[in-house]
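> Using the hints, position chain B against chain A.
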Amino acid sequence: GENVEQHPSTLSVQEGDSAVIKCTYSDSASNYFPWYKQELGKRPQLIIDIRSNVGEKKDQRIAVTLNKTAKHFSLHITETQPEDSAVYFCAASSKTSYDKVIFGPGTSLSVIP
Amino acid sequence: GAGVSQTPSNKVTEKGKYVELRCDPISGHTALYWYRQSLGQGPEFLIYFQGTGAADDSGLPNDRFFAVRPEGSVSTLKIQRTERGDSAVYLCASSLTSVPTEQFFGPGTRLTVL
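Respectively, the protein sequence lines represent chains A and B.
Numbering-wise, the numbering used here comes out as the position in the first sequence, counting from 1, plus 344.
Numbering-wise, the numbering used here comes out as the position in the second sequence, counting from 1, plus 3.
Pulled out of the complex, with its shape left as it was, chain A reads as follows (with noise of 0.2 Å):
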């Protein structure tokens, strides 16, 4: 079944620089890829998703990148600000089942004014 890796479990920025988290995937059948924010105490919530049909999407400070030749995609945040701080998850579908979505470890940002 899908395995989904993410890095760095950690990561502190000083708020204004920008931040990147990495994920791999296992399935290359596997054809959609959110992006989920949890705040401390509270339910995740997407921030932005890629399918595989596409290399790149941008929602405005936040973009996600895609490789499915070698099976990984980033996480770009630029111009942090402290409310960015949470954990993110990157997740994958797999084409063989749409919907059981694999969630990566996460990644616990923290930005520092």
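Keep in mind that the hints were calculated from the coordinates and are not lab data.
Keep in mind it's a predicted model, so treat the numbers as computed, not measured.
There's no promise every hint is true.
List of simulated lysine-lysine pairs, BS3-like, C-alpha gap at most 25 Å [unchecked claim]: (1) B:Lys81 with A:Lys386; (2) A:Lys415 with A:Lys444; (3) A:Lys444 with B:Lys81; (4) A:Lys381 with A:Lys401; (5) A:Lys386 with B:Lys14; (6) A:Lys415 with A:Lys402; (7) A:Lys402 with A:Lys366.
Quick look at chain B alone, frame taken from chain A:
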């Protein structure tokens, strides 16, 4: 509109007891998922419903875990003979369709087995 809701928010039980966790998805969402999240980990897939049927229950850890969605809306996750290792936050999520799309999560039920 109302989001996904889960009850109870917290549940403390003794080892060996039976518990039921309830999920109310967003109205009109046909897909419903259950996840288990342990501290410092990502959500772990348990089961996925499309309508009333369990389309994929491959994540249920053993036969002590069972889930139903009899009318295609509210779902109940049932755990028999609870063990201390079952302690975790149980998250429910729903999405509009079965096509890969945004999942909306509930606030979770924190289960503690003493």
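> Hint by hint, note whether the structure agrees.
Consistency of the hints with the structure:
1. B:Lys81 with A:Lys386: holds (23 Å)
2. A:Lys415 with A:Lys444: With Cα atoms ~18 Å apart, Lys415 of chain A and Lys444 of chain A stay inside 25 Å; holds.
3. A:Lys444 with B:Lys81: Holds - the C-alpha atoms of Lys81 of chain B and Lys444 of chain A are around 20 Å apart, at most 25 Å.
4. A:Lys381 with A:Lys401: holds (17 Å)
5. A:Lys386 with B:Lys14: holds (17 Å)
6. A:Lys415 with A:Lys402: holds (19 Å)
7. A:Lys402 with A:Lys366: Distance of about 16 Å is within 25 Å: holds.
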